[in-house]
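If you want the building blocks of each chain, they are given just below.
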Amino acid sequence: MPVAPLTPADLYRRCHLEGLAFASTDDLDPLEGLIAQDRALGAVRFGIGIRQDGYNLFALGPAGTGKLTLIRHALEARAATQPVPPDWCYVFNFADAHRPRALRLPPGTGVKLQRDMERLVEDLHRAIQGVFESDEYRTRAQSMEEELDERQERAMGEVQAMAKDKAVALLHTPTGFTLAPLRDGKPLGVDEFNALPEQERQRIESDINDLQAELRKRMGRLPTWKKQFEEQVQALNREMAAAAIRHLLDALRDQYRDLPDALQYLSQVETDVVEHFRQFLGDQEKHPPLFGIQLTPPDEGPPWHHRYRVNVLLGHDRNGGAPVVHEDLPAHNNLVGRVEHRAHLGALETDFTMIRAGALHQANGGYLILDAYKLLLQPFAWETLKRLLQAREVRIESLAQVTSLISTVSLEPEPIPLDVKVVLCGERWIYYLLSEWDPEFRELFKVAVDFEDQVERNAETDRLLARLVATFVRRGGLRPFDASAVARVIEHGARLADDNERTTSHMRSIGDLVQESDYWAGTGGGERVTGADVQRAIDAQIERADRVSRRLQEETLRGTLLIDTQGERVGQVNGLAVMYLGGYRFGHPMRITARVRLGKGEVIDIEREAKLGGPIHSKGVLILSGYLAGRYAPRHPLSLSASLVFEQSYGGVEGDSASSAELYALLSALAGAPIRQSLAVTGSVNQLGEIQAIGGVNEKIEGFFEICAARGLSGDQGVLIPAANVKHLMLRADIVEAVAAGRFAVYPVRTVDEGIELLTGLPAGERDAQGGLPAGSLNQRVEARLIGFSERLRELRAEGSKSAGNAEGQP
Amino acid sequence: MSNAEARTGTRRIAVALDASAHGLRVMDLAAGVAALLEAELEGVFVEDTELIRSAGLPFLRELRLATLDESALDAERLQRELRAAARRVREHLEQSARALGLASSFRVWRGDLGAEILAASVDAELFALGRIGRFAPLRSRPKRVRIPYRPGHLAVGFLFDGGDASVQALITAADLARDRRAAVSVILEPTPAADIDALWAQATEILRTVRTRALLIDPGSGGTAALARAVISAGIDLLVVDCENPMLATPTLWEHLEAIDCPVLIHRPARR
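From first to last, the protein sequence lines stand for chains A and B.
As numbered in the working numbering, residues 1 to 811 make up the first sequence, in order.
As numbered in the working numbering, residues 1 to 272 make up the second sequence, in order.
A few of these clues could be false.
Within a straight-line C-alpha distance of at most 20 angstroms, the following computed DMTMM-like cross-link-like pairs (lysine to aspartate or glutamate) qualify [unchecked claim]: (1) LYS186/A x ASP112/B; (2) LYS164/A x GLU258/B; (3) LYS164/A x GLU255/B; (4) LYS186/A x GLU258/B; (5) LYS227/A x ASP69/B; (6) LYS186/A x ASP74/B; (7) LYS226/A x ASP69/B.
To be clear, the hints were calculated from the coordinates, so they are not data collected in a lab.
Keep in mind it's a predicted model, so treat the numbers as computed, not measured.
Generate coordinates for the entire structure from the input sequences, incorporating the hints supplied.
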């Protein structure tokens, strides 16, 4: 029984919205959340609810399905009920300046401590300057100094007195003291000394030796006295500094009495201030002026008291809930934070105040959302994230430190404990690749949130889609969509899903269409968006992207690309290819030809031989041999040599959707039965001769229709598609109209026999009980040709054997 | 004499220097005065020939202050070290002068410190002299004069006996007090021919003429000891004396300096 063409109703499933009475989207409630993503939502709830290690989430699905929106809403709802994480500050490490200390404080306390410390430093300046300028301090310090000088003067004075008694002078030299004999109040010269009597000379020498021994003894005490003096002064300084600052620190300690870490830090500050009290004495003390003129001090970098600053790495609002952070550039430094540098005297220098938080710090105690693809593109970012999640602490290291590229001294801030739930968003292939190749991935990202990219189309989803359109309209401040416009959007959703029983869950595509429809409605001056505006937006989308498809069509119509749409040809059929360029998919007919002759039972795929055919295409062609061998002349060896080619194809061919067309061409060539060129064919075939579903059926039909329509529809033109693809049909309105008018046809084909009958007009022919095929049927003609090849081959072999035997028998 | 004339009267201040902290302190004080009077600062580094003369004696040893090392007193080494010390002092002087915007010069004076030091001051209107060289105090640091000592605020004393040279010197000293740049105290030292009241009146009149306020001090009887007490009580950093003051007589100069324990600034009227 010949295959009946599909009716217009089979080609396009309209949206009626009967259950949803509304005039425009103004009457619809907006939709919170996404359509039919219950499984994903359940996975998200599970993932954020479970607190154990490794239960981080990977939201997988195509971009634009609204993953991020759903995840963010779910996380924000959860985070709002969770406690606010602590503030983290970095402070100076007084024991090791290169390793700044991390200070954990209750939320909101970090900024307070920062301000308190700034005020403290100001107060310390006043208090310390006051006490060291006091008369008490000066008097006590100078008294100590006086004591030292007097001891020294007294000691030397004793020597001087002894020397004077012996007519010897104690003299200053540039570096010390010496003794010289005197005569008439003046030092004695060498000649004068030598002129003295021997006894006198000996006496003088002896006196001077004695005095030198005394001098040596007294000068030997000087270092001890000086050390004692310095210790006394130091003790005094400590006492005065400590007294000056104690009440200031006590006031702070009282404010932070419940925070042991802060108290410990304040104690360290107190000790350090006492140790370095001179730094608070002002520039005049550090660089004394010369008679009222303040000399310019050398550039010493940041002021000393910067060491008492508090770097609030992370401050929180007490009432803010847990943080939800989306880092859209997940580079290594943006994740772990960084240590900035300043240029000073031609070198780069840094300190703990220049430590900056990364996304992991900001999300600590809450949730961090990252794009998996961007994360993997950033050098070392993925490795760093895994390492920190495993270590459960954030360690700020630059890429240079991680890779050991430089060895200059830098800061090593104390690591901060990490408690964060990471949510990666990405395409499915990324998830599968990571699952397959990265063993740590499955340990760290145990929760897969798999988003549907299609949902079943029914009255309920149609209503939800209508509300989604209303949501887009309201959110974007667009013109209201009337019912026809909403219906057209929903129908286009099914077309995007390539399925009239399903619709897309790709939110971005729907959102784009809604916005563009509003634009076109605006250009027409409409106050509401109508179905015509939506159609115009769809047409405009296609028009913007279809340059290549138009060009192919033009060249076909000009006869450059050879495609017949009328007449009959043996071994030639119109196949249908679908192309995907820059997000736009379109179909185009391609001529497929087959040539046969006697051979060794092989079907040559010229595409494969020329390395233009992909593996799936090659597989499809190899299946044809199996089909021929199983279907025809079972008692004869397959003695065929056939070649198949996509004519005028200069790029690669992949997929098996043309395998049925190739088989039809082959059968036509074998049977010598011409194929109607007014038809085009798509569908893959198996070894049993069943036609199987293919992708892109709508585009393929539209591609052939375009050519036929341009040349003029004859009424016998049409396309053979797999019957399994009927449910995928959402064809353009002009095609549906042409089919309704009987000027074009779409045939659902289940078997090769159904297809070849449509193409050749010949009955395919079924084997009878004896295994014979009806005379004149296409299959009978094919089998006869194959048997003919087989017998001819046997004859040739027999002739070959005979010739070989004669040659061997010759004397 | 107008104020302007008094100000332009002082073109150069010389200061006698050695390598000790005492010498450098006198230099700082002299630099302060030079800055106030916008005069040139001249450093006169003193090489005491008497010290070098005794250096050849083989049994003499030198004990170094910083290291407590001991070595023979070699004349050549001593001279080298004096030259090195002179260089160091010169750098210090130039640095101070640069900071204060002063013109400066430096020279080395070689002679008998005990007998001829005032000869080094012949060309200078003001010559600052403290206890240096072999007459330097035995303490390593100069004694603090005032408590507290405030940098940038000079306290200048002036010894006034009513003579012509003394009047000229007082006018110069008064110039220092203008605009309260330095605190000037006038210590009255009546000669046997004048009584203290007349001297007080004379000093008051001069100060009124030059529109300067100064503290007048009557040290009372007691000679140098009374003067020393007055210097300490007034917190004087530098005592200005005229070049004809008997204190400067060579045989007793160093004894007076030791007694008052304050550097002096010897005023010599400008030669026009």
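Hint check:
no., hint, result
1, LYS186/A x ASP112/B, "holds, 9 angstroms"
2, LYS164/A x GLU258/B, "holds, 16 angstroms"
3, LYS164/A x GLU255/B, "holds, 15 angstroms"
4, LYS186/A x GLU258/B, "holds, 18 angstroms"
5, LYS227/A x ASP69/B, "holds, 18 angstroms"
6, LYS186/A x ASP74/B, "holds, 19 angstroms"
7, LYS226/A x ASP69/B, "holds, 17 angstroms"
Taken one by one, the earlier hints all hold for this structure without exception.
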